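J.: Here's the letter readout for the chains.
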Amino acid sequence: MPPPRPPTSAPRPGGVTAAPSTTSDGLPTRDADDMCPVCKTIRYLNRDMEFLVNPECYHSMCTACVNRLFDDGPKQCPYAGCRRTLRRKGFRAPFFGDLSVEREVDIRRRVSQVFNQVEDDFQTLRDYNNYLQMVEDLTFDLVHGDEATRHKAESQLSAWEAEHRTEIERNRRAGREQDEQSRKRLAAEAAAARQRRLDAIREAEEEKLEKIKIKEMEIDSLERGQPLPDSQRVQLKRRGNKAVEAVANLAANSSAAAAAMATADTVGKLSIRGLKEKKREPRPEGPYDPFGGLDLTPSRYKIHGGLSHPNVDKYRSDKGHVTGGYSFDEYTSRAMFEAFAGLGVFIEDEKEVGVGLVASEVVGMGAALAAVGGDGVKMELD
Amino acid sequence: MAVSPLVYPPQTTSLNSPLKRQPPSSSQQTSSNGTPNFPTGAAPLSAAKAILHQPQEKTSPPPSLTLDPIEQMNELEKRKYVKGRKLGEGTYANVYLGHSRSDPSSLVAIKKIKVQAQYNDGLAPDAVRELKHLQELRGHPNIIQLFSVFSSKDQNLNLVLEYLPLGDLEMLIKDVDHVRYGAGDIKAWMGMLTRAVWFCHENYVLHRDIKPNNLLIAADGEVKLADFGLARGFSDPGWRMTATVITRWYRPPELLFGARHYSGAVDIWSVGMVFAELIIRTAYLPGNTEVEQIGLICKRIGTPTEDNWPGVTQLSQYTVPSEITPVWGKEAFMSRFGAVGSEGVDLLVRTLALDPKRRITAREMLEHKWWKAEPKPTRKEDLPRKSGGEEKMGADLKRRNGVLEEDRGSKVARKLDFGAMR
Numbered sequence: 001m002p003p004p005r006p007p008t009s010a011p012r013p014g015g016v017t018a019a020p021s022t023t024s025d026g027l028p029t030r031d032a033d034d035m036c037p038v039c040k041t042i043r044y045l046n047r048d049m050e051f052l053v054n055p056e057c058y059h060s061m062c063t064a065c066v067n068r069l070f071d072d073g074p075k076q077c078p079y080a081g082c083r084r085t086l087r088r089k090g091f092r093a094p095f096f097g098d099l100s101v102e103r104e105v106d107i108r109r110r111v112s113q114v115f116n117q118v119e120d121d122f123q124t125l126r127d128y129n130n131y132l133q134m135v136e137d138l139t140f141d142l143v144h145g146d147e148a149t150r151h152k153a154e155s156q157l158s159a160w161e162a163e164h165r166t167e168i169e170r171n172r173r174a175g176r177e178q179d180e181q182s183r184k185r186l187a188a189e190a191a192a193a194r195q196r197r198l199d200a201i202r203e204a205e206e207e208k209l210e211k212i213k214i215k216e217m218e219i220d221s222l223e224r225g226q227p228l229p230d231s232q233r234v235q236l237k238r239r240g241n242k243a244v245e246a247v248a249n250l251a252a253n254s255s256a257a258a259a260a261m262a263t264a265d266t267v268g269k270l271s272i273r274g275l276k277e278k279k280r281e282p283r284p285e286g287p288y289d290p291f292g293g294l295d296l297t298p299s300r301y302k303i304h305g306g307l308s309h310p311n312v313d314k315y316r317s318d319k320g321h322v323t324g325g326y327s328f329d330e331y332t333s334r335a336m337f338e339a340f341a342g343l344g345v346f347i348e349d350e351k352e353v354g355v356g357l358v359a360s361e362v363v364g365m366g367a368a369l370a371a372v373g374g375d376g377v378k379m380e381l382d
Numbered sequence: 001m002a003v004s005p006l007v008y009p010p011q012t013t014s015l016n017s018p019l020k021r022q023p024p025s026s027s028q029q030t031s032s033n034g035t036p037n038f039p040t041g042a043a044p045l046s047a048a049k050a051i052l053h054q055p056q057e058k059t060s061p062p063p064s065l066t067l068d069p070i071e072q073m074n075e076l077e078k079r080k081y082v083k084g085r086k087l088g089e090g091t092y093a094n095v096y097l098g099h100s101r102s103d104p105s106s107l108v109a110i111k112k113i114k115v116q117a118q119y120n121d122g123l124a125p126d127a128v129r130e131l132k133h134l135q136e137l138r139g140h141p142n143i144i145q146l147f148s149v150f151s152s153k154d155q156n157l158n159l160v161l162e163y164l165p166l167g168d169l170e171m172l173i174k175d176v177d178h179v180r181y182g183a184g185d186i187k188a189w190m191g192m193l194t195r196a197v198w199f200c201h202e203n204y205v206l207h208r209d210i211k212p213n214n215l216l217i218a219a220d221g222e223v224k225l226a227d228f229g230l231a232r233g234f235s236d237p238g239w240r241m242t243a244t245v246i247t248r249w250y251r252p253p254e255l256l257f258g259a260r261h262y263s264g265a266v267d268i269w270s271v272g273m274v275f276a277e278l279i280i281r282t283a284y285l286p287g288n289t290e291v292e293q294i295g296l297i298c299k300r301i302g303t304p305t306e307d308n309w310p311g312v313t314q315l316s317q318y319t320v321p322s323e324i325t326p327v328w329g330k331e332a333f334m335s336r337f338g339a340v341g342s343e344g345v346d347l348l349v350r351t352l353a354l355d356p357k358r359r360i361t362a363r364e365m366l367e368h369k370w371w372k373a374e375p376k377p378t379r380k381e382d383l384p385r386k387s388g389g390e391e392k393m394g395a396d397l398k399r400r401n402g403v404l405e406e407d408r409g410s411k412v413a414r415k416l417d418f419g420a421m422r
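In order, the protein sequences belong to chains H and X. Under the UniProt record's numbering, residues 1 to 382 are what the first sequence spells out, in order. Under the UniProt record's numbering, residues 1 to 422 are what the second sequence spells out, in order.
These aren't lab readings, by the way, just hints derived from the structure by calculation. Please note that the accuracy of each hint is not assured.
Stretches of chain X that chain H covers, calculated by requiring three or more beta carbons in the stretch to come under 8 Å of a beta carbon on chain H [to be verified]: (1) 161-167; (2) 190-202; (3) 234-244; (4) 262-270; (5) 282-296; (6) 372-384.
Have a look at the derived ranges for each label pair, beta carbon to beta carbon [claimed, not checked]: (7) H/Y288 to X/K330: 22 to 28 Å; (8) H/R150 to X/G84: 45 to 51 Å; (9) X/V179 to H/I212: 51 to 57 Å; (10) H/G306 to X/S316: 28 to 34 Å; (11) H/E167 to X/Y181: 42 to 48 Å.
Computed from a prediction, not measured in an experiment: that's the story for all the values here. For glycine and all other residues, C-beta sits at the position ideal for the given N, C-alpha and C.
Use the sequences and the hints to build the structure in full.
T.: Here it is as structure tokens:
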């Protein structure tokens, strides 16, 4: 919206030439409250003067002007230099005195209706923060940007809206549900508080009665010449004893009073609304796999028993090896492993994709290549 | 070879060359540390230089000195992490909390191995062992992950390890007053431990120092096998290995008797000891000396004789108490270890077989029917845990390997016989 032109500009039909005192961004300030910038009526003449704005351009004018100008259909804004076409329907009383604030709030409301993602929609907190940053940048452009950036931001906004229509709708619904829930919770809390207050009053009443009764008992016992046992007296004298007792009782039969406890919990404790408890998704409980899902049997060769070599066999009967538990099977399997360890490593692939790739991926790729080439990579050894 | 560790490209082999300790050569062609210069025309290297010469880099050398490509790689690797406060300090290593420079929320533990006076012509063997095997055993959820290695000034070796904040199994076992756990929890922990050992053995690595305080607990409750300072690959036939490995309480009889050719069965004995300790919540065979340790084994499990272990009397350090205890059967264990059920006791007895040839293997352990029996293993998120484990991880990582906490410096010397490996 361009700033209003200085009053020297040519008068428009049905318009006025006077520009009200404006803020830097071209919106009328609070002191325009006493005079309608369109018809120059001052409050002194019309005590019930009210100002309306149209969110198209936020130029304020009095109710009389609005009725006079827009009753018979849409017209241009009477402000000098403002070419917006306004309708009667669009006018409303501003909530904020400062119309630039009013405008920013409106823009923010509109943006937040489109960008209504919540933290749960994001994988990490960082993603969420980036998103918030993006939204804030866009809002800033819309509020404070010049014509070009505003246009750009506007088109971004509508593009996003078009692109994410379903998600926006879903989040809106979820938000409504949440509002509903929080309303219910607040109502429940209020009801519980009321109940507690009543209980407290009743308890105080009871305590008072009890006190009177004790006093009477004491007097009676003094009459009879045998004072109450100390323990009883002390216990009864202590103030607030009832409350302690009640808590103890509650803890004791917690299962019975679970529901009551729950409300007491939500009411009594400090609850931070912003921090939602993340719900843990229930994992399917499969049978326990002692191997942790790992299979380390060699896939490229088989080890057959009876592999031998004279340099190894001479130790098979050696006492030191046999008694110490040296395992020749471990040796043969290690020898085979080391012999075949280089297979499945394709240095060329690794060079292409770079070091740091998961080895199994490289193996898979290499195997696929080899399979295309026609040579079987898998081999069996006899 | 679904998860063959050998297929992983060596990402972080930024070890310093041993040439570094030699007196600097006077030749102009070599760099500050004696490694020949490479032409530095390649783009990544010049980029590395650009980073290195930023003013905020404190440790960057003056611009007049050129860095060879290895040093540049090392600097790049080092710059990926930010070292934070110290978690613990020991004679062998300091442990710092750190995080990655690009993502401050990803925490790591940086184990800075001290230069040791007795190994001044190279790296300490523990560091080499740890590095070598952690690099090979990457990618298993129950083995501590090594992210990176770099050397800092004074040629200190820094291992960037997974940060495991919840202490170790020993803390949980010992904290009888505050931590309570049941058969399902034991089964879950044993499952994770056995999988770790199985993975080591399938990749032909002997851990040789399994004990509860080398079993660290990750933030999600996963138990991770750590401290590979005594690990080695499986030996070839005829190749002698040292017998003075594994912390004494967890040391199997064949090592106590001085066997020099052994197999993965030594780790299985330790696993069995951890299993027993998890059940009774105190060390099962806490011998103060090696002789006492043998005595305890003979008394509680049975005396190794030619009948139950052919050839045992021929081992070099075979000495058993004079009165012979027959090997206890499963029923004898039931009374003390019955909490894990009869299948659990069956598994325990098999891991504690005196003859290593008859001892169950890690794979057979995982195939045992105990895992299928009730109760089900607890989900790792629900396992009992304890806060304040941070200092403990520092303490665990800085410890020397293979030594009991109580009697450090006593005669459980860390005698690693390198002469025999030739």
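J.: Look at each hint and say if it fits the structure.
T.: Here's how the hints hold up against the structure:
| no. | hint | result |
| --- | --- | --- |
| 1 | 161-167 | violated (count 0) |
| 2 | 190-202 | holds (count 7) |
| 3 | 234-244 | holds (count 5) |
| 4 | 262-270 | holds (count 5) |
| 5 | 282-296 | violated (count 0) |
| 6 | 372-384 | holds (count 3) |
| 7 | H/Y288 to X/K330: 22 to 28 Å | 23 Å, holds |
| 8 | H/R150 to X/G84: 45 to 51 Å | 47 Å, holds |
| 9 | X/V179 to H/I212: 51 to 57 Å | 53 Å, holds |
| 10 | H/G306 to X/S316: 28 to 34 Å | 31 Å, holds |
| 11 | H/E167 to X/Y181: 42 to 48 Å | 45 Å, holds |
Hints 1 and 5 from the earlier list are contradicted by this structure; the remaining hints agree with it.
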